Structures are given as C-alpha cells and as structure tokens.
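Chemist: The primary structure of each chain is shown beneath.
Number of protein chains: 2
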Amino acid sequence: MTQVLALSGGIGGAKLAEGLQRVLFPGELTVAVNTGDDFEHLGLAISPDLDTMIYTLAGMQNPELGWGRANESWNFMAEIERLGGEHWFRLGDKDLAVHIERTRRLDAGEKLSAITADFARHFGILGKVVPMTNDLVRTMVITDEGTLDFQHYFVGRRCEPVVKGLAYAGAADAELVPFIDEAVQDPSLQAIVICPSNPWLSIGPFLEMPAWRQLLVEATVPVIAVSPLVNGQAVKGPTTKIMSELQLEQSSATIARFYEGIIDGLVLDRSEAHLAPQVSMATHVTATLMKTAADKQRVAREVMDFARSFSKL
Amino acid sequence: MTQVLALSGGIGGAKLAEGLQRVLFPGELTVAVNTGDDFEHLGLAISPDLDTMIYTLAGMQNPELGWGRANESWNFMAEIERLGGEHWFRLGDKDLAVHIERTRRLDAGEKLSAITADFARHFGILGKVVPMTNDLVRTMVITDEGTLDFQHYFVGRRCEPVVKGLAYAGAADAELVPFIDEAVQDPSLQAIVICPSNPWLSIGPFLEMPAWRQLLVEATVPVIAVSPLVNGQAVKGPTTKIMSELQLEQSSATIARFYEGIIDGLVLDRSEAHLAPQVSMATHVTATLMKTAADKQRVAREVMDFARSFSKL
Numbered sequence: 011m012t013q014v015l016a017l018s019g020g021i022g023g024a025k026l027a028e029g030l031q032r033v034l035f036p037g038e039l040t041v042a043v044n045t046g047d048d049f050e051h052l053g054l055a056i057s058p059d060l061d062t063m064i065y066t067l068a069g070m071q072n073p074e075l076g077w078g079r080a081n082e083s084w085n086f087m088a089e090i091e092r093l094g095g096e097h098w099f100r101l102g103d104k105d106l107a108v109h110i111e112r113t114r115r116l117d118a119g120e121k122l123s124a125i126t127a128d129f130a131r132h133f134g135i136l137g138k139v140v141p142m143t144n145d146l147v148r149t150m151v152i153t154d155e156g157t158l159d160f161q162h163y164f165v166g167r168r169c170e171p172v173v174k175g176l177a178y179a180g181a182a183d184a185e186l187v188p189f190i191d192e193a194v195q196d197p198s199l200q201a202i203v204i205c206p207s208n209p210w211l212s213i214g215p216f217l218e219m220p221a222w223r224q225l226l227v228e229a230t231v232p233v234i235a236v237s238p239l240v241n242g243q244a245v246k247g248p249t250t251k252i253m254s255e256l257q258l259e260q261s262s263a264t265i266a267r268f269y270e271g272i273i274d275g276l277v278l279d280r281s282e283a284h285l286a287p288q289v290s291m292a293t294h295v296t297a298t299l300m301k302t303a304a305d306k307q308r309v310a311r312e313v314m315d316f317a318r319s320f321s322k323l
Numbered sequence: 011m012t013q014v015l016a017l018s019g020g021i022g023g024a025k026l027a028e029g030l031q032r033v034l035f036p037g038e039l040t041v042a043v044n045t046g047d048d049f050e051h052l053g054l055a056i057s058p059d060l061d062t063m064i065y066t067l068a069g070m071q072n073p074e075l076g077w078g079r080a081n082e083s084w085n086f087m088a089e090i091e092r093l094g095g096e097h098w099f100r101l102g103d104k105d106l107a108v109h110i111e112r113t114r115r116l117d118a119g120e121k122l123s124a125i126t127a128d129f130a131r132h133f134g135i136l137g138k139v140v141p142m143t144n145d146l147v148r149t150m151v152i153t154d155e156g157t158l159d160f161q162h163y164f165v166g167r168r169c170e171p172v173v174k175g176l177a178y179a180g181a182a183d184a185e186l187v188p189f190i191d192e193a194v195q196d197p198s199l200q201a202i203v204i205c206p207s208n209p210w211l212s213i214g215p216f217l218e219m220p221a222w223r224q225l226l227v228e229a230t231v232p233v234i235a236v237s238p239l240v241n242g243q244a245v246k247g248p249t250t251k252i253m254s255e256l257q258l259e260q261s262s263a264t265i266a267r268f269y270e271g272i273i274d275g276l277v278l279d280r281s282e283a284h285l286a287p288q289v290s291m292a293t294h295v296t297a298t299l300m301k302t303a304a305d306k307q308r309v310a311r312e313v314m315d316f317a318r319s320f321s322k323l
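Chain order of the listed sequences is H and G.
With our numbering applied, the first sequence corresponds to residues 11 to 323, in that order.
With our numbering applied, the second sequence corresponds to residues 11 to 323, in that order.
This is chain H alone, in the form it adopts within the complex:
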C-alpha cells in the first residue's frame, strides 16, 4: 500500500523521508535510495546512502555525524589503523555488521534489494527501503585533479578538488528493481517525492538511468521535488560548491532547471520565495530547514498537501 514513493540520497533526503514516515500510516512509504556512492572498501560492500536511510528511519542514526549509528564505538577502526590498514573511511563497530552481512549475502548470490528489505525489517522499519537499482552504478567525479570515484572525492579528499563534471558509470544499462514497479503500479500511490538531496550527486544517478527517467516522466501521480537550498546555500554537503564549479547560479532556479520535464512542483524555502516567478513549474514556499522531528513532519505534510493540489489524478 505505497502512498508515496520517495527518491533520496543520504543525510538531507533522509530527513524528509523520516517526516514522510511520520505523517503516513505504517508501510505507506517506499524510499528508493541512491547507490551511485556505493563502493568496496576493506573487501566489504559499502552502501552509505542505504545505510543512512535505514538508520534514520529506524531512529538509530548518529545525530552528530549525520551518517552511521547512534552510540557508536570505534574499536575496530583503531585496530585497523594499528594493523596499517586503510582508515580514511571510518566504519563504526555497530555499523560494520551491515557491511559484513551485506557482503556475505551478496557473495552468496542474493540481490541488494532483498538484503536491504531484510535489513529494514530487522531494524523495525514498516515501509520499504529499496536501492535505486541492483545493478552496478558508480558516480565518478571529474575534477581538475582527474576522475575520482565518489567516496575518494567526498570522504578521501573532502570535496576539495574542483568539479568539472559528473559521470554515472553503468547507469545507462541499469534496471529498476521489482519493488519500484510495484510501488508505481500501486493504485494507492499519491505522489512521487524527490527529497532535498544533492541533485548532481544523489539524484543524478537515478536520472541517468533511462528506466527511472521514463518512470518519472510517465508518472500518473504528481512528482514533487524539495529544493535542498536555503538562502542559496546547502544545509550540509558540497551542493553549492559544485554548482559554482559547474558555473551554475547558486539558487533554487538552477534546481528547477535541473528537474525540468521531470517534476510537476517544486518546494522552495522562504528565503528563495523571490525565485518562484523564474521557475517553470508550480511552487510551494515554506520553511524547508528540518532540525526537529516537528519540522520534518510539517515539511512532509506540506509536500503531501502540495501534491494533492494537482489535478493530474
């Protein structure tokens, strides 16, 4: 009984997903999560955005870091460092369990979508958390220092190299997972929501997949995006740095152009209300900064009301 299909990256998007989970009945939310940032590290299959989403929807995310688990310990990491192993990408002791179980099950031939659904169930999540694809898609960041895989750019180099462009290796041939087809064909579906994630890094990988683009363009329910910008700045992460490096105006007008032809409505922060007239689609203006559970719930409710205001159905 999916009422909302949300597309999301990690931290920022997960906040809205948490809000949607709060305002919908149990099980009515399906979240499709970016896997373009996935990588293999220390021999383990790491899916940062999937894990952030599961931890957030389970209420077990690390509130200080944004990623990883609450009340985490770091004994494993200290020992990897002692052994001379790679320690630039930090894995907490609790967090390790999902990487080891995921790797073991992938090696045994299970699909990432099935493993993720099982993890979500064990974490007590009643909705669905679904990788955007089970196929290998890798976001590559083309920089002034050469092409870097995402985590080496994002974590390893702290987004310092200047971005010249992005490539999504494997996206052209990647397929949807069945859970997504089910969600889209569900007669209960009311809206598709693009969460306030980084369009280039987190939503770009979806849009480079022909199957996702077609799904969004042909959707019979409203498609609503929430701009990740507040007063021309990203709440967290390198969105505006990348916009600047790509010679793009740092405002939600650029976000609107990015999603043109895909979305029916854009939710803008109050600080960017003046941009509404420049935007080609319907807009809804509100305070989009989500710090508390109440913020997340309110924004989610407004997104749902905004979606219902379309006569597309």
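Hints in this document: simulated from the structure, not taken from any laboratory.
Hints are not guaranteed to be accurate.
Intra- or inter-copy, both count: the list cannot distinguish identical chains.
The calculated lysine to aspartate or glutamate pairs, modelled on DMTMM-like cross-linking and capped at a C-alpha distance of 25 Å, are [claimed, not checked]:
#, residue 1, residue 2
1, Lys121, Glu50
2, Lys121, Glu96
3, Lys121, Glu91
4, Lys251, Asp154
5, Lys121, Glu38
6, Lys174, Glu255
7, Lys121, Asp191
8, Lys246, Glu312
9, Lys174, Glu218
10, Lys174, Glu259
11, Lys246, Glu155
12, Lys121, Asp183
Values in this document were obtained by computation on a predicted structure and should not be read as measured data.
Following the hints, put chain G in place on chain H, whose structure we already have.
Modeler: For chain G alone, coordinates are given in the frame of chain H:
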C-alpha cells in the same frame, strides 16, 4: 636468530610461548601455529590459534576468555544478531580488524605467512609467528553425530558429540612455509618445543603433514614436548574427554606414546611423576601449571635447561 622453534595450538600452548618469549632475547623465538582450526565465517578468514598466539605474545589477550582481545567490546556481534546473522561464533570489535584485514589481503593474493608476520610486527612482537602451512588444512572431527568441521564441533557444539576419530583434510599435500625452513637451518637453533597443546586437535595437524613429521624426525636439535595434562586432566579444553572417547588412558603416558619417535624428551607435571618409568623417552618433572607470568617463565626456563641436557648437538 631463532634459538627456539615452538609448535603450538591456541590458549594452552600460547602460555608456554609467552614464557619462552620472556626467557629468550628479543627475536629468538619462532612459533609455528596450528591452522587446522581455521575456517571461513561471515565471509571472513578466521585463524583462531594464530590470533590467540599474536594477542598473547603482544600481551593483549583476553585474560578471562583465553581467546580474543583484552578490553574487548561486542557491539558488532549484537548488531549481527539484530540482523539475523550467525552469532554462535563470537567476534569482538577489536578482534574483527585482523579478520577483515587478513581476508582482504588473502583475497588480494598475499600469503597467510606474510600477512601474519606483518600483523605480528604491527603488534610489536619481535619474534616470528608463522602458520604451520599456507595451504588449506582442516581438522575434521568424526563423531557419533557425523563428521563436523572443527569450529562447529568445538564452539558450535561445545565438544558435546562423542569423538570417534580425527581427520586432517589437506595435510598430506600441505607444505611448510619458508620461515620454518629458515628457523630449522638457523645455526643458532637450540631446541624444538612442542607446547602443551591438545595433541590430537592442535599438534595432530602438524604431524599429519609429511613435511613437519620429517622435520621433527630429522631435527639435529632436541625436540621437547610439554604434556598438557595435570593430574590426568587438561587445564582447559576437551583433551581428556577426547582421550576417553578414543579409548585412551587419560595420562601423560598416552601423550608420550602419541609423540613417540618424534620427541627426545617429555616434560611432565609433578602430579604425573609416577608415570615417568612408563615413558620411553627422557623426562623432566616440574609443576607445569602456568597461571602467572612467573610460572610461564619458570617452565620455559626448565624446558630450555632440559633441552640443553641432551648431547644430541
């Protein structure tokens, strides 16, 4: 400059190895460790005896458990259980680092002996810790409930099934690692010591390897074994339970027969001094129970003195 080459399993043997490390000059001890108990678990290459040896020689072993790390945390394990993963074999958060790094490096084509030497170095050990072989040898326990691999018998079933026999899969074709040849050819070598490990479970895998048997039989230095029995009982583990199930008398006389043709001298506990006349090789009687560092040092020193008493050189 190897003075002593020791053969050992896990906990019991590691105590004497620690004593030998204390009485020798830094770097004079080479310990060859049983790998017949190694197995793959959660997709990781686990080498229980090698790790116990490294942790013990580094002074970082868990004093309560005997295996694993001191001041260990168990957050990973709790999460594996939450995810529905296998949790009968417990892996601590610190301990995990060696398993993950070892697995990664083995998958990258490195030899177990090279990885182990590197780990020992990172743990500050000046002697050498060497797997008995880099080849796959697996101790299989033939029981009244069928044949079990070692860890499923030992940890999974807590040694409950009745042992009918033992098999060491792969031992016939397994080869020595070069570090062992180096140690044996070292003109400084004074003794080969078989630590007070379980003969059937921990030393049996060595003796089933033709290369090890030949090395011991042809050794030009005295080969000394320390009986693991005190008053007809093992200090820890299933040694006497297995002896009884194999219809063997539970005494050091049986240990002596097991090592006949291999060793030149047997160290017996005082409680078994009366067995010395039944034993075909030279004996040295002392208190073999090693609880304190002083005990370990004293037994090690007596083993060295006993070895020097042979005119074989």
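Chemist: Now, for every hint given, state plainly whether the structure supports it.
Modeler: Outcome of the hint check:
no. : hint            : verdict
1   : Lys121 - Glu50  : both (16 Å within a copy, 22 Å between copies)
2   : Lys121 - Glu96  : between (27 Å within a copy, 19 Å between copies)
3   : Lys121 - Glu91  : between (32 Å within a copy, 21 Å between copies)
4   : Lys251 - Asp154 : within (14 Å within a copy, 68 Å between copies)
5   : Lys121 - Glu38  : within (23 Å within a copy, 51 Å between copies)
6   : Lys174 - Glu255 : within (7 Å within a copy, 72 Å between copies)
7   : Lys121 - Asp191 : within (16 Å within a copy, 47 Å between copies)
8   : Lys246 - Glu312 : within (22 Å within a copy, 66 Å between copies)
9   : Lys174 - Glu218 : within (17 Å within a copy, 62 Å between copies)
10  : Lys174 - Glu259 : within (15 Å within a copy, 77 Å between copies)
11  : Lys246 - Glu155 : within (24 Å within a copy, 59 Å between copies)
12  : Lys121 - Asp183 : within (17 Å within a copy, 38 Å between copies)
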